[in-house]
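**Student:** Construct the entire structure; sequences and hints are all you get.
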Amino acid sequence: MKSLWIFPGQGYQHANMLTHVDSSLLHYVENLLEIHLNDNVQDYLDYVKLQVSISLLQVDQVDKLIAKGFYPQLVAGHSLGIFAAAYACGSLDKENLFKLVKLRAQLMQNAYPYEYGMGIVTGLTLNQLEFLVSQVNHSSMPVYVSNQNTPDQIALSGKLTAIRKVLVLAKKSGASKTLVLKVPVPSHSPLMKPIAHSLCEKLDKINIRTPNCVYLINSSGYSTRKPEFIKKDLSESLIYPVYFNSMISIATDFKPDTIINFPPGSPFRKILSQQFSEQHQIYLDQHIFDDSLFLLNKWKRGLYK
Amino acid sequence: MEKLYFKFTTTQPVTKFVHVGVVASGDLEIILRPNNHSYSTLNIITGSDGFKSTWSNVLSRFFDRYPLQGDFEINDFGATPGVVNLRLSQVMEVLKNEQ
Amino acid sequence: MTNKNHNWASQRDEKNLRMANATSIINNKFVRTENAKELLETLIQPNDRVVLEGDNQKQASFLSETLASVDCARIHDLHMIMSSVSRPEHLDIFENGIATKLDFSFAGPQSNRISKMISSGILKIGDIHTYLELYARLFVDLTPNVVLVAADKADKQGNLYTGYNTEETPVIIESAAFKNGIVIVQVSEIVDKLPRVDIPSDWVDIIIQSDKPYQLEPLFTRDPQNITELQILMGMMAIRGIYEKHHVQSVNHGIGFNTAAIELLLPTYGNQLGLKGKIVPYWEVNPTPTLIPAIENGWIKSIHSFGGEVGMEQYISARPDVFFVGKDGTMRSNRAYGQMAGQYALDMFVGSTLQIDKYGNSSTVTNGRLSGFGGAPNMGSNPTGRRHSSTAWQSLKPTDNPLAKGQKLVVQIVETYNSAKKPVFVEHLDAEKVQKEANLENVPIMIYSEDTTHIVTEEGIAYLYKTNSMTERQEAIEAIAGVTPLGLRSNAKKLNQLRNKGIVALPEDLKVNRLAAKRSLLAAKNMEDLVKWSKGLYNPPAKFRSWS
Amino acid sequence: MNNSLLELNARERAVALLDKDTAQELIGPFDNIISPHLIPQNIVPESDDGVIIMKGQLKHLNCVIISIEGSFQGGGIGEVGGAKIVSALEHTLLDNKNGEKVYPLIIFDTGGVRLQEANYGLLSISEIQNMIIELKQYVPVIGLIPGRVGSFGGMSITTALMSYIITTDKARIGLNGPEVIEQEAGAREFDSSDKNLIWNTLGAKQRKATGIVDEVIDDDVDAFRSTIAKTILEKKDSNRDQQVNFYLSLIETLDPAHMLTTQEYTNLYRHVSVHDHHLNSAIPSDYPTITSRGRHWFEQLTQIKNAHSDIPTVLHALVNGYEYISIVPDKNNNFPRVRHGEVGLKEGYTVANVINDLIDRDKDKKTKTPIVIIVDVPSQAYGYNEELVGIHMSLAASVSAYARARQAGHKIISFIPGDAVSGGFLAHGLQSNRLIALNDSSITIQAMSKESAARITNRSLQELEQATKNTPAMAYDIKNYQKLGSLFYLISNVKSYDSSDYAINIVKNAINSAISDLENKPTDLSFRYNNKIAKESGRVATNKIRLLMDKQWN
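Chains as they are written, first to last, in numbering that gives the first Met the number 0: chain A, 0 to 304; chain B, 0 to 98; chain C, 0 to 547; chain D, 0 to 553.
These are calculated hints, taken from the structure and not from any lab test.
Careful: at least some of the hints might be erroneous.
Said to hold, decoys possible - EDC-like cross-link-like pairs, simulated, lysine to aspartate or glutamate; straight-line CA separation at most 20 Å:
1) A:LYS204 with A:GLU227
2) C:LYS152 with C:ASP47
3) D:LYS194 with C:ASP222
4) D:LYS207 with D:GLU263
5) A:LYS299 with C:ASP210
6) A:LYS1 with C:ASP91
7) A:LYS176 with B:ASP48
Bear in mind that the values here come from a model prediction, so they are computed numbers and not experimental data.
**Tutor:** Structure representation (structure tokens):
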């Protein structure tokens, strides 16, 4: 079995998502970070609790799969998901992972209290959108092209007024859908440089090990087996767009036969089903763990194609 | 989903009702009814948003070549311009066959 | 005044020295599976030119995985020569610092990653070739030090059986065996007696049994279930407006649903038109299952193939009148001869592409993906060295020049928009951008405008060979380019002028009824129909199952 | 292989089967009738709503072909398409009653209820089923399943009601799609990614081997035409909905804990020793069991304390002249998939058995015993063995029994104090001629669980809830359901678990008044679209289509 493990970021969290998380892991994290996780909607309005909970959920699933003898051949995280990805490939240990995630969340929470955020444009090409952004972007009106999840679905990051201007232009240029995301931070743009800087300082003190498998890099869309690139991605990915589209294209060249989608949610279902129509795919969020194991074991045995 | 409306000046009144196609994935249906105007109307419901100018181009090119006059209703479930053109041309062929 | 002591056999000595260093693990040509890595580390030297067999179907996967795992302190700066870059480890060889330079033909399955590796400088491209071109250079300026290839079986003497998928193994081995190169072969099985000898033991230096059979993909199988009405319409137009019109006798079909549709229309629409026995009895093509109905219906006299196709083995064995089959009953393929035939012996090439520019140049390189060429440019070009004549060839001869000769038909069939609703006809090919990004000397164009004689779209056929200026050629393309930016330059008046000159034909001009373009017209609508046509001899891979 | 029926679209299929130039479409694309429910949900409609009605001759026999378009919204049945089928069948019935032979054919290519109009879909399907059962007394009602979508969901139950089913080997038949079973019961129960498993279990060849379809033929128009003509002329009828004793005998020998291979099941099927079944009335017991809204009201209305039955999930009793019947949970049931009160293999056949016995007992009586169905069914059972054996046939047996009882003159009231979902509701509730419900927010009434609906329509649970909240066509609550006009009465001041004398009296009065309302009324299901709410708002499209069909039929 040659599997690609995909770790989404925030956006699909839901109350009670930690119900089946191993309780000793939960307590470990709560003690380590000195926070209490309630796993409810209220909690998830708080950046720190939200991001820590998502990472906790992903780490729990990674641990459980590895305990059953499943290892990734490729890992791909999206934004926050890169921390669990780095953990899954053996580059980042648990303690540092949670400390980093907490720090990242704190920094993000305090960076831009208002006026900033993200938007999404569907139906324009990158070139078209870059042109529109260049017409609006200005030191007082910062806006940047951000995450690229599919060839025709691209995010914007920056000041909300500037984003709205681009969205209007986009609609005029034939975009099929435009919307402002409910995210209060201009993630994955140069506006995040100060945060990246702090993360970088912290990561410099951490030993990032050589991964056991291929790591797909958020901030370049390329693949690597070198720890220095992973370290750079963990510290700097917030400054760059997530080139998820490219990560997935590169992943196809590695010819995985099984795609394991980690919780929460299934944000990339459409693009993944197009890209990997012939591979086995599983969304851990949709099955109880024993069912997931049943399927993975069946696919491993290769009982059918 | 998006609703579109177009009007084209046309010169060849049709006398028959015509229906072609299915609202299947990547396909569409066209319903053509005769009218007494000197133009054609098109009421389109399309599942793919943001393609108004493409529709306009497809229709202009079609009516430029085959100026059929009537009221068109189109229900589109994501057809490519090629498929749209095929179905429009099939309407033309149905009319031709019946002549 | 040659130096009396000049060593004219230095390459042979070098080879013997290397082989001598490995004697401890070689037992009369045979090396144990677990010693593969040590073997490569001993026989290959830094800066060697290494040919790794990886065509688009058969892969020397055991040897490529082994090569990617060698110690880069011992082996580095290799110059790899590969007709097809298909597997992840093909690029790992570069990423791991074992090789630096690459000459290749096709990289479709690795096109995303190879582009990134070129732009980040991990990999340097020598050149991108057509298959035949690359094979040719193996005998001129790219003679290899080591070749790594795959065969099905070896006997105890070291003779090889390559069976259905002989592909390019002979041509690669020959380039090394007679020029002091080392020939290393992975085999799936070692037997007492081979079904037949495809490559003599003499040409082979090392044989290693692989840990598992070489990888093989059903690359040319197209499920008829997925053929659309648009493809059927274009197929009908092509049959009437090209196959019939030019009396085409010999043909190569590219891979894809457009040509699969034509294959499945021959026994139905072709029969309706009374064309059986009159067109396309001769084929140079892989044994694609969609040809079965045409074969069974008596359309096809002969098929020679570049390689095999998973599931077709029994069927081919049972049809030796049509296919090239050895005395042992299994097919013999040969990529080099196939390409040669494709270039020189065919009336027509029919293929598809991803982009066509305003002049009629076409390319499959898009979106920063460097996929290379494969064999299409050989088959999709006019061989100026051709001298023999045929009706189709002559039918393209210009009438105004007494010394003029005929021309090969090179046909592109495309829909004006792809399924993602992006235009196929474009002002500039993406390939132009890729040329800059990858620092290539030439724009990676698959088929040049000057070679393209016909373009078929859902709107009609452009007979480009009839145009007498580039302006007219562009107008012809625009007339059938739908509502793409190019197509919008045309109008009804221009279209009719071109129709009157016979440069453009619409379905009605060809007497093709668009309403008849139905899936019902296909001789087989699904895989099960193909199995039935084959009288149960075709055995499709499990992933195609859609019946009970 | 050149005259495929499968490759044609629904309209072409109908035309192809009929003799040349005899086909005449009713309520076609030019009649300007599309579903009123799709555009508000941002879904592109089709001018025929995916159902084609075509009259004509097949080998000179007068036929009406009802052809479902599988590629439009998965062949799902909505209000308009449903009403087209029902009204066409009604006219066919009328013609046959008047001595004019018209043979109905249905071409199934459907996933069942159209989720965007789930509540209409469920009502329509029950109305279609009612017509088929009545029609079968006059002519064979033939079903064709060429394949691609196949026949699933509520429409699989409909296929089981047909006189005769003809398919190609590309057809699949099942109540619950594999994705839904996986969602509801887990991947170990049914792995929806396993193509071979799906074809081996639900594919036509296995279905033929185990009596679920009658003939598997080549995908060829002429083969279909001759097979159909033969079926009509020989008046073939498999009586698939009346094999209660056979299947109850079979199910008794089946180990529910063991997942049968297709071969094991085929062997089991071939070696059933059939014996008669009768279920005694429930009796009081000293052993309290888990309660449910269905059990609660059964016990309140019959006054049987801790009602016990030989089949623990089916309670029935004749009390004060009314036959009460309820399906209840049984937490230790050996069929794990019915432990929450779902309608499983045994439940459907047992209900059918009880009702068939009642029909038999009353057959010579002038006044037939009224039947009160107490509805609390969270769904049908989602299980692998269930699909292999053909749970849709069990549900069809129950549908058939209720419909035949009603058509024979039994007044049937459904009282809904609990959930009324999906196939469970079709089998146990929707064949009644009056529906009464409690106005209790705990009641879920729909065609599919929210989780499954979300997965099938590729939406998150929140998105689904948002979309369904204010759309009666697919709402999950009884208040919105009332807006369709299908309820006779919504009891407003009694809650699901009330047990006061006051509450019981209100319910009893409601039942009584529903029964007296049925005096000298049609024994069909017309009340649902003929009442005031239905005419004014709930079933406007239905009534429009009925009128149009009246105009166009002759």
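**Student:** Take the hints in turn and mark each one as holding or not.
**Tutor:** Status of each hint after checking the structure:
no. : hint                   : result
1   : A:LYS204 with A:GLU227 : holds, 13 Å
2   : C:LYS152 with C:ASP47  : violated, 27 Å
3   : D:LYS194 with C:ASP222 : holds, 16 Å
4   : D:LYS207 with D:GLU263 : holds, 15 Å
5   : A:LYS299 with C:ASP210 : holds, 18 Å
6   : A:LYS1 with C:ASP91    : holds, 16 Å
7   : A:LYS176 with B:ASP48  : holds, 7 Å
Comparing the model with each earlier hint shows a violation of hint 2 alone; every other hint is respected.
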